[in-house]
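There are 2 protein chains.
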Amino acid sequence: MQNIRKISDSTIRRLSLYYRALSNSEKDGYFTVSSQDLAKKERLTPAQVRKDLSFFGSFGTRGLGYPVKELKEKIGSILGLNRSWNVALIGVGNLGSALASYKEFQKQGFHIKLLFDNDPKKIGSSIDGIPILDIKQIGTQLKQNKIDLVIMTLPGHTAQGVAEEVVRAGVKAILNFAPVSLKVPEDVFLRNENMAIELEYLSFCLKNRNNPGKHA
Amino acid sequence: MQNIRKISDSTIRRLSLYYRALSNSEKDGYFTVSSQDLAKKERLTPAQVRKDLSFFGSFGTRGLGYPVKELKEKIGSILGLNRSWNVALIGVGNLGSALASYKEFQKQGFHIKLLFDNDPKKIGSSIDGIPILDIKQIGTQLKQNKIDLVIMTLPGHTAQGVAEEVVRAGVKAILNFAPVSLKVPEDVFLRNENMAIELEYLSFCLKNRNNPGKHA
DNA sequence: AATTGTGAAATTGTTCACAGCA
DNA sequence: TGCTGTGAACAATTTCACAATT
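In the order they appear, the protein sequences are chains C and H. Using this note's numbering, the first residue of the first sequence is number 1, and each one after it goes up by one. Using this note's numbering, the first residue of the second sequence is number 1, and each one after it goes up by one.
There could be a bad hint or two in this list.
Listed next, with one range per pair, are the computed distances between beta-carbon atoms [what the hints assert, rightly or not]:
hint: 1; chain 1: C; residue 1: Gly161; chain 2: H; residue 2: Ser23; range: 14 to 22 angstroms
hint: 2; chain 1: H; residue 1: Arg209; chain 2: C; residue 2: Phe55; range: 14 to 22 angstroms
hint: 3; chain 1: H; residue 1: Lys121; chain 2: C; residue 2: Lys103; range: 14 to 22 angstroms
hint: 4; chain 1: H; residue 1: Lys51; chain 2: C; residue 2: Gly161; range: 30 to 38 angstroms
hint: 5; chain 1: H; residue 1: Ser58; chain 2: C; residue 2: Glu26; range: 49 to 57 angstroms
By construction, these hints were calculated from the structure, which means they are not laboratory data. Backbone N, C-alpha and C fix where the C-beta goes; we use that ideal spot for every residue, glycine too.
Could you put the whole structure together from the sequences, leaning on the hints where they help?
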C-alpha cells in the first residue's frame, strides 16, 4: 500500500472488471472468491488478478480466497465509486440522449446534473428531469454546479472548441465520444470512447481471419 | 509485408487513429505527412508511428514523409475498410437506436442491415429504413442476410443467451455493449465497449489527482 | 537537410514458481 | 491442503539512435 508507484493503465481497467464480477458474485450469494474464480469470469490468469490487487494491498486470506463484499468495497473505494461525481453531458443528439437516460451511471455514483445543446428547440426542455441548457452557458453553469466530469457527445468539428471552454471552467476529466483527438492541458484527464476503433479492429480480424483477438 | 507475424492489438488500434488523422489531413489539402505530424495529432511518438507502419510495409519516402492519400488507402485496406460488411444490431433501446442512425458507420463500410428486438411494439417498424425484426428470428435472418458482424446493445442478463444464438448462426465478430463478459468460442472475435470502465478510470484519476493518464 | 526504416536497448507488463499462512 | 502475495524470469512493447535515401 505504501508503494505509491505507477499503477498501469491496464491494471486500473481490470479493476473495473473485477468490480463488476464481484458485484455479480455478491448477487449470486457468494462470500468468497479465489483469484482463479475471478480470472475465469474475466478471461484472465489468476496470477494477474493477484498481482493487480497486490499493488493496492493484501485483501485475501491464504488458503481461502478473497471476501466478496469487502473486496468489492475496497476496489470501489480505489476507483472512487464510494462517492458521487457531478457530471455534465454536452451534445444532446441520439447518443447523448441515450446516455443521459442510462441508469447504470447513476448507480455507480456518476450523477448527470446538466445537459447542454445549441439547438433552440431542445434548450429549455429536459430528459428524465435533467435540464437541457444553452451551450453558451457552459462556463458559468459548470462552475456553479461544481461539475467534476464532462461527457462530450457532439459532432467532431465542434468538439475542440467546446473542450477548451470546459477546461477553462476548471473541469479536470473529460470522456470524449466525438471522433477527434482532443488537445487538453496535461492536468486534465481525458479518455476517448471510439466505437469506430472497435469496429475497425473487428474488421481487421475478419479480414485476416486466423489468429483470434479476443476481449477488450 | 511478408512477416505475417503477431501484430499487436495496440498497433491495430493505432492504425485506426492514423486512418482518421490521414482523412483529416486529406480534407485539409495536405499531400504528405511526416511521422512527426501524425504523432503530434494523435499524441504518440514519431518512432511509434514508423514502427507501426513498418509491420505492414514501407510506405514513406526518406526525407519527405508519407503520401497522405496512398497511406490512407493502404491503411484502409489493411483494416478492411475498402470493402463493405453486413452488420446487424440487436437490442433497439436508447443506445441501439442511437447507433442505428449513426451515419459514420455506413461511411466506413459497416452497413447496418437488420435490427432485432423482443418488444412487440417495436417489431415491424423501422429506423432510417432498417427494419426491426423479432429477436426470435435471429438464427434464420442472420444467415439469410449474410451478416458478418453483430452489435449487441441489450440488457446484461439476456446477452449471453443471445450471443450463443448469434454464434450458432455462424457470425464471427461481435461488438458487445452489454455490461457482461461474454463467453464465445475461440474462433469468434469479440470486443467489449464498456463505458463504465472509462468513467471509472476517470474517477480513479480524479481521486488520485496527481499523475495524469491521458488518452484512450 | 529532412525523414524513413529498423536493429538494439530500455522499459513496461505478464507469468512463473514457490515461500508463507490459514 | 489450498490459495495468497511476491520476487524473479520472461515476454511484449516502446523508444533510441543511426544508417540509408531522397
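Checked hints:
At roughly 20 angstroms, the beta-carbon separation of Gly161(C) and Ser23(H) lies within the given 14 to 22 angstroms, and the hint holds. Distance hint check for Arg209(H) and Phe55(C): the Cβ-Cβ separation is about 18 angstroms, which falls inside the suggested range of 14 to 22 angstroms. For the pair Lys121(H) and Lys103(C), the supplied restraint of 14 to 22 angstroms holds, since their beta-carbon distance comes to about 20 angstroms. Checked against the hint of 30 to 38 angstroms, the C-beta distance between Lys51(H) and Gly161(C) comes to roughly 33 angstroms, which is consistent with it.
Checked against the hint of 49 to 57 angstroms, the C-beta distance between Ser58(H) and Glu26(C) comes to roughly 54 angstroms, which is consistent with it.
When the structure is compared with the earlier hints, no violation turns up for any of them.
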